[in-house]
Amino acid sequence: MTRIHIAADHGGYELGRALEARAVSGGFDVVWHGADEIDAGDDYPAYAVRVGQVVVTDQDAGIDAFGVLVVDEAMAGVVAANKVNGARAVTTTSPRAAMAARAVVDANVLVLDGIAYEESAWLNVYAFVTASMEQTVERGRQILQIEEFENAGTIEGWAVQLEPEQIAVRHE
Amino acid sequence: MTERLVSHLRYGALAVPNFEQERDFFVKHWGLTEVEASDGLSYLAAEGSTEPFILRLRRDDKRVDLAGFGVATRANVDALAAKLHAEDVQFVHEPQALTGFGGGYGFRVFDGDGRVLEFATGYQTREARKIREREPIPVKLSHMVFNSQDLNTTAQWYVDHLDFTISDSLVRPDGVDMMHFMRCNANHHSIAIAVGPHHSLHHLSFEMRGIEEWMRGAGKILRAGTRMIWGPGRHNAGDNTFAYFLDPAGNTIEYTTELAMVDDDSWVANRHDISHLSTQDQWGTAQEMSELVARESFNDIDKGLFVAPPV
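Just so you know, the protein sequences line up as chains S and R, in that order.
Be aware that the first sequence starts at 817, since it is given in the numbering used here, and climbs by one per residue.
Be aware that the second sequence starts at 212, since it is given in the numbering used here, and climbs by one per residue.
Certain hints may be false.
To be verified - Here are some chain S residues pointing at chain R (derived, C-beta under 10 Å):
hint: 1; residue: His826
hint: 2; residue: Glu830
hint: 3; residue: Arg833
hint: 4; residue: Gly842
hint: 5; residue: Val846
hint: 6; residue: His849
hint: 7; residue: Asp852
hint: 8; residue: Val872
hint: 9; residue: Ala877
hint: 10; residue: Asp880
hint: 11; residue: Asn898
hint: 12; residue: Lys899
hint: 13; residue: Thr909
hint: 14; residue: Asp922
hint: 15; residue: Glu964
hint: 16; residue: Ala968
As the list claims (entries may be wrong) - From the derived model, a few chain R residues whose C-beta atoms are all more than 10 Å from chain S:
hint: 17; residue: Ile348
hint: 18; residue: Thr452
hint: 19; residue: Phe517
Derived by calculation from the structure, the hints in this document are not laboratory data.
Built from N, CA and C at the ideal position, the CB exists for glycine as well.
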């Protein structure tokens with residue numbers, strides 16, 4: 817069963833709870849990561865990072881998981897969530913865009929504005945968690961370039977410069 | 212149609228001094244399942260493979276213990292043993308009931324350079340499962356590559372004694388052979404031999420379900436702090452995608468997918484010039500296969516040549 821991790825700040829709390837209820841009744845394995853109740857002064861970065869981290873951890877463990885973050889300003893949440901190593905967060909305003917984000921960059925966190933219309937937001941979420949990555953080598957390669965840079969600071973593979981004594985003698 | 216007594220590559224067996232670290236890496240990060248363990252010995256299976264295990268790790272000085280091959284029937288095991296005896300191949304033991312995990316009936320020999328090979332049939336297979344979409348774990352063992360200081364002699368041994376066929380080769384611009392990809396079934400290659408400064412393991416390659424799973428797996432390994440020494444890219448020889456990493460013992464390991472299948476009768480072996488960048492990487496994105504990258508996979512000298520592993 818696909819797992820959906822949801823978190824929301826004060827600006828997204830109501831919509832977040834509504835999406836949580838829809839996801840539960842839709843048969844998904846839903847995990848709520850806060851806030852526990854509306855907290856008018858809370859900051860979105862902690863929620864963004866938390867959702868990013870649990871999604872990447874689950875995916876690396878082979879659990880089919882996605883994240884949904886609902887915050888006052890979705891674009892700010894995207895910036896914060898993408899600081900998590902392995903998170904690929906996007907914001908979309910149509911199911912078609914949500915599917916494209918899955919197809920093109922295997923996006924794993926969907927960030928929504930708290931003011932989004934609930935029905936439309938749910939259609940975005942549903943499209944996002946049910947769409948697949950495009951099975952082409954180009955997409956895989958491009959994502960791995962991002963991940964390589966994220967982890968090693970290079971983009972085209974790298975080799976370590978060996979010390980002279982480590983370099984084997986070649987016999988032709 | 213070439214009739215071969217060897218049906219497929221089953222497993223690789225390695226001895227490593229940092230046994231626990233190596234085993235933990237393969238279980239926790241690489242995505243294999245430990246199916247049998249005793250002190251200093253671990254059998255690791257791939258969830259998508261019916262082989263009882265595809266990698267065996269043993270605590271000892273670093274060496275290649277074995278390459279395990281499958282044979283279809285008991286009669287074929289006996290026929291292969293008789294053939295190799297007639298060809299004066301050196302045996303480790305005769306066909307017998309195997310006592311390792313999975314059992315079966317088989318024998319072991321040294322190849323021309325002293326690597327130990329096992330040929331077996333009738334072992335207990337494992338219930339495989341379909342790897343889920345996006346599941347970042349290997350389906351099966353894809354191929355095993357050896358470094359050789361005498362490439363053509365090593366490759367010819369596999370042709371002469373085991374009826375392997377060269378599917379493709381990499382050559383230098385001056386025509387000198389650098390690597391041979393060799394098949395024993397429809398897979399483009401199950402083993403390959405590369406020019407190296409000494410005999411050693413070049414790499415072990417693990418097949419992923421598809422592009423997305425290959426990408427997810429490689430991303431996971433990067434996040435585990437493992438060095439990607441070459442990739443991501445797509446080979447011309449074999450048409451498979453690649454991403455190479457170094458395991459904790461310094462062995463090169465690869466996630467691959469979409470290795471080509473070839474028709475035995477119609478496939479014509481190519482000789483790819485390694486000076487053409489497209490030969491190594493159809494996408495041109497992985498860095499050029501320089502000598503520095505090649506050295507990463509020279510590995511340590513194999514201490515297991517002409518020495519049978521204790522198990």
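Against the structure, the hints:
no., hint, in the structure
1, His826, "violated, 31 Å"
2, Glu830, "violated, 31 Å"
3, Arg833, "violated, 28 Å"
4, Gly842, "violated, 19 Å"
5, Val846, "violated, 19 Å"
6, His849, "violated, 20 Å"
7, Asp852, "violated, 30 Å"
8, Val872, "holds, 7 Å"
9, Ala877, "holds, 9 Å"
10, Asp880, "holds, 6 Å"
11, Asn898, "violated, 14 Å"
12, Lys899, "violated, 14 Å"
13, Thr909, "violated, 25 Å"
14, Asp922, "holds, 7 Å"
15, Glu964, "holds, 6 Å"
16, Ala968, "holds, 7 Å"
17, Ile348, "violated, 6 Å"
18, Thr452, "violated, 6 Å"
19, Phe517, "holds, 20 Å"
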